[in-house]
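One line per chain: the protein sequences are A and B, in this order.
Residues in the first sequence are numbered consecutively from 1, following the numbering used here.
Residues in the second sequence are numbered consecutively from 282, following the numbering used here.
Calculated from the structure, these hints are not laboratory results.
Owing to the predicted nature of the structure, the values given are computational and were not obtained by experimental measurement.
Cβ atoms here follow ideal geometry from the backbone N, Cα and C, with glycine treated the same way.
Treat each hint with caution, since some may be false.
What the hints assert, rightly or not - Keeping only pairs whose Cα atoms sit at most 35 Å apart, straight-line, the calculated DSBU-like set for lysine-lysine is: (1) A/K262 / A/K219; (2) B/K544 / A/K163; (3) A/K33 / B/K348.
As the list claims (entries may be wrong) - Going by beta-carbon spacing under 10 Å, a handful of chain A positions derived as facing chain B: (4) S13; (5) V18; (6) V20; (7) N21; (8) A23; (9) L26; (10) L31; (11) G34; (12) S77; (13) E164; (14) R172.
Stated by the list, open to error - For each label pair, taking beta carbons as the anchor points, the in silico distance ranges come out as: (15) B/E636 / A/P36: 25 to 33 Å; (16) A/P36 / B/E484: 31 to 39 Å; (17) B/A284 / A/Q27: 20 to 28 Å; (18) B/P296 / A/R88: 45 to 53 Å; (19) A/E199 / B/K544: 52 to 60 Å; (20) B/K530 / A/E264: 19 to 27 Å.
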Amino acid sequence: MSKFKSTERYIASRDLEVAVNAAVTLQRPLLVKGEPGTGKTVLAHEIAAALGHPLIEWHVKSTTKAQQGLYEYDAVSRLRDGQLGDPRVHEIGNYIVRGKLWDAFEAGEQTVVLIDEIDKADIEFPNDLLLELDRMQFFVYETRHTVVARHRPIVIITSNNEKELPDAFLRRCFFHYIRFPDRETMEKIVQSHYPDIKEDLAREALTVFFKVREVPGLKKKPATSELLDWLKLLMVEDLSPEVLRAREPHVVIPPLHGALLKNEQDVHLFERIAFLSRRGG
Amino acid sequence: MFATFITALRAGGVPASITEYLSLLGAMKAGVAEYSIEDFYYLSRTALVKDERHLDRFDRIFGEFFKGLEPPEGEEPRELPEEWLRKMAEKLLTPEEMAQIQAAGGFEKLMETLRQRLAEQKGRHRGGSKWIGTAGTSPFGAHGYNPEGVRIGQNESRHRRAVKVWDKREFKDLDDNVEIGTRNIKLALRRLRRFARQGAATELDINDTIRSTAKNAGHLDLKMVPERHNTVKILLLLDIGGSMDDHIKMCEELFSAARGEFKHLEHYYFHNCPYERLWKTNRRRKEAEVPTFEVMRKYGPDYKLIFVGDATMSPYEVSHAGGSVEHFNDEAGQVWMQRLTGHYRRSAWINPAPERNWAHVSSLSMIRHLMENRMFGLTLSGLDEMAKELSR
Chain A
1 MSKFKSTERY
11 IASRDLEVAV
21 NAAVTLQRPL
31 LVKGEPGTGK
41 TVLAHEIAAA
51 LGHPLIEWHV
61 KSTTKAQQGL
71 YEYDAVSRLR
81 DGQLGDPRVH
91 EIGNYIVRGK
101 LWDAFEAGEQ
111 TVVLIDEIDK
121 ADIEFPNDLL
131 LELDRMQFFV
141 YETRHTVVAR
151 HRPIVIITSN
161 NEKELPDAFL
171 RRCFFHYIRF
181 PDRETMEKIV
191 QSHYPDIKED
201 LAREALTVFF
211 KVREVPGLKK
221 KPATSELLDW
231 LKLLMVEDLS
241 PEVLRAREPH
251 VVIPPLHGAL
261 LKNEQDVHLF
271 ERIAFLSRRG
281 G
Chain B
282 MFATFITALR
292 AGGVPASITE
302 YLSLLGAMKA
312 GVAEYSIEDF
322 YYLSRTALVK
332 DERHLDRFDR
342 IFGEFFKGLE
352 PPEGEEPREL
362 PEEWLRKMAE
372 KLLTPEEMAQ
382 IQAAGGFEKL
392 METLRQRLAE
402 QKGRHRGGSK
412 WIGTAGTSPF
422 GAHGYNPEGV
432 RIGQNESRHR
442 RAVKVWDKRE
452 FKDLDDNVEI
462 GTRNIKLALR
472 RLRRFARQGA
482 ATELDINDTI
492 RSTAKNAGHL
502 DLKMVPERHN
512 TVKILLLLDI
522 GGSMDDHIKM
532 CEELFSAARG
542 EFKHLEHYYF
552 HNCPYERLWK
562 TNRRRKEAEV
572 PTFEVMRKYG
582 PDYKLIFVGD
592 ATMSPYEVSH
602 AGGSVEHFND
612 EAGQVWMQRL
622 TGHYRRSAWI
632 NPAPERNWAH
642 VSSLSMIRHL
652 MENRMFGLTL
662 SGLDEMAKEL
672 SR
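Only chain A is shown next, with the shape it has when bound in the complex:
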């Protein structure tokens, strides 16, 4: 069986590799947590690409119900059809809408299922999926038949920690917490995304980036995805590394900060610090 490894585009630490391989081998869901922007969602894409399986994405919202992942019974259109005298109304199966998990279970080959941001949904959501993810089967009450997975899909679940997940659910998963990458790993990640970036620009940008992260009181620390966006902007604008370097020793708002700082309080914070340091220096 093929194993998941770091690819050219996605740098996975050894512990992440072990976690993914454990989940794939034992066919258990893998729960991934970590700071926003550290590549939780991308991980599922990369696993699908590495193992050569199709990816089925299920993005969870606050209104998402577990049932919607299995199937939905469209009672409203059946009512309408009944009033209009449509003959389809006699067959209840016509009003069963398949969900993402049904698609994954019925697929002809093994699939990778991404359940993204599970913590956004209601607290009962994970509980309602316990049995379905454990046995990889569910029962359709309306048509009275059971859907069983032909190939157990690889399930990747991401969470941003907004709600605590129930113990019974956690016990069935493998768990991985993506730590924020250190500078060395970050250099590799930058290298893998932008192989033709100028070396000194990357170095200066990383220095500024890690400095920004260290500023106390930031509401949203910039993470990997922000860094990559910012670097892209720097490359498009063709800024010279000196522009970044000239700003030392004071912490000042970095150029094109819109990619790094995502809310106005943080920008204000930086303006204040810049003001103070100019006055102090």
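Following the hints, put chain B in place on chain A, whose structure we already have.
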């Protein structure tokens, strides 16, 4: 095979279960770990720990449990700070001194001593004959002279990175028993928000009503959902003017950051122990004092009362009339405490002082007793417990 390890984890507060143990064994059997201790560490972590708050505890217990299992070559037990061992002038030794150094024990003894020294040593060291550093005659360090010595940090050695990962304890600040700091303040806020969200009343769910009416073939079927509005009202009493001021300020900020989530949030100050008067602004205290009775009249029993303070004072301030350090109080602090906790149906005390010190302060135990044990630390788990207590 590792049953005792699971027991050790459970005893150490990592809730690993049989299911998880079995899945670990299953993964071992399937060869995921490939027989390296580091892989085994990663695998057992992914299988047994399900919450990042427990990662640090897991690392500690893992290190404790598997001590001595790692390969016996000369690995440094911890990363040496670079600047300790920067290149410096080499020291010249006399032949007599060299002979003395020869007398050091065998390799194993040397490593053992090194480990001890590392643990004892606090800073960078240079010269001398005992501490680890540069240009000395100690068996440990670089650029010195000791034929049996262990060279540390002289070259880019193969083992420099070989610090055991679990000994680094990188997940320390995710542990939920740590006092709240800037790192986890956001999480704490989220706990408070969740606490604020607990409304009981119901409102009409239009979508569900339409859906179930349709399902009912046109017969009306009303559906209700819990109201999303916030019904929690909070009265915050903060102890001000002491060593805990910055903690208490943080706590105040924490609550006011979550202000929008509460229906009402009011705060008053007291010093050490609440008596007959409270005040709203500490700076203009003299003009702004309000009788405690008035506060109790204004904010009814449906408010949830939260005290914030270290409850560290002279015991007389709680137990005796006239015990206050600031003025003459006609009634003892405990009378006021009982009055307040009696008036409000739900109350709790947040104590920013580290929980391990609580038992040593007598006034603290008295307050805790008065609060019937509803005293919680200013930690994530403390806030959780408090929210649970207040919303019961």
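So, going through the hints one by one against the coordinates:
For the proposed pair A/K262 and A/K219, the alpha carbon gap of about 9 Å is at most 35 Å, so the pair holds. Between B/K544 and A/K163 the alpha-carbon distance is near 22 Å, which keeps this suggested pair within the 35 Å criterion. The straight-line distance between the Cα atoms of A/K33 and B/K348 is roughly 29 Å, inside the 35 Å bound, and the hint therefore holds. At a threshold of 10 Å, the smallest CB-CB gap from A/S13 to chain B is about 9 Å, leaving the interface hint in force.
Interface hint at A/V18: satisfied, since its Cβ lies 4 Å from the closest Cβ of chain B, which is below the 10 Å cut-off. Given hint, A/V20 at the interface with chain B, holds; its Cβ is 9 Å from that chain's nearest Cβ, closer than 10 Å. Checking A/N21 against chain B by beta carbon gives a least distance of about 5 Å; that is within 10 Å, so the hint holds. Hint status for A/A23 relative to chain B: holds, with the closest Cβ pair at about 8 Å, below 10 Å.
Annotation: A/L26 was flagged as interfacial toward chain B, and the flag holds, the nearest CB pair being 5 Å apart, inside 10 Å. With a cut of 10 Å, the hint placing A/L31 at the interface with chain B holds, because the nearest CB-to-CB distance is about 7 Å. The criterion of a C-beta within 10 Å of any C-beta in chain B is met by A/G34, whose closest approach is roughly 8 Å, and the hint holds. Because the beta carbon of A/S77 sits about 9 Å from the nearest beta carbon in chain B, less than 10 Å, this interface hint is met.
With a least beta-carbon distance of about 8 Å to chain B, the hint placing A/E164 at the interface is held under the 10 Å criterion. The closest approach between the C-beta of A/R172 and any C-beta of chain B is roughly 7 Å, which is under the 10 Å cut-off, so the hint is satisfied. Here the CB-CB span from B/E636 to A/P36 is close to 31 Å, well matched to the stated 25 to 33 Å. In this structure the supplied range 31 to 39 Å holds for A/P36 paired with B/E484, their Cβ-Cβ distance being about 32 Å.
Here the CB-CB span from B/A284 to A/Q27 is close to 24 Å, well matched to the stated 20 to 28 Å. Checking the proposed 45 to 53 Å range against B/P296 and A/R88 shows it holds: the Cβ atoms sit about 51 Å from each other. In this structure the hint that A/E199 and B/K544 lie 52 to 60 Å apart at CB holds, the actual value being about 57 Å. Evaluation of the 19 to 27 Å hint for B/K530 and A/E264 yields a pass: the beta carbon distance comes to about 24 Å.
The structure meets every hint from the earlier list without exception.
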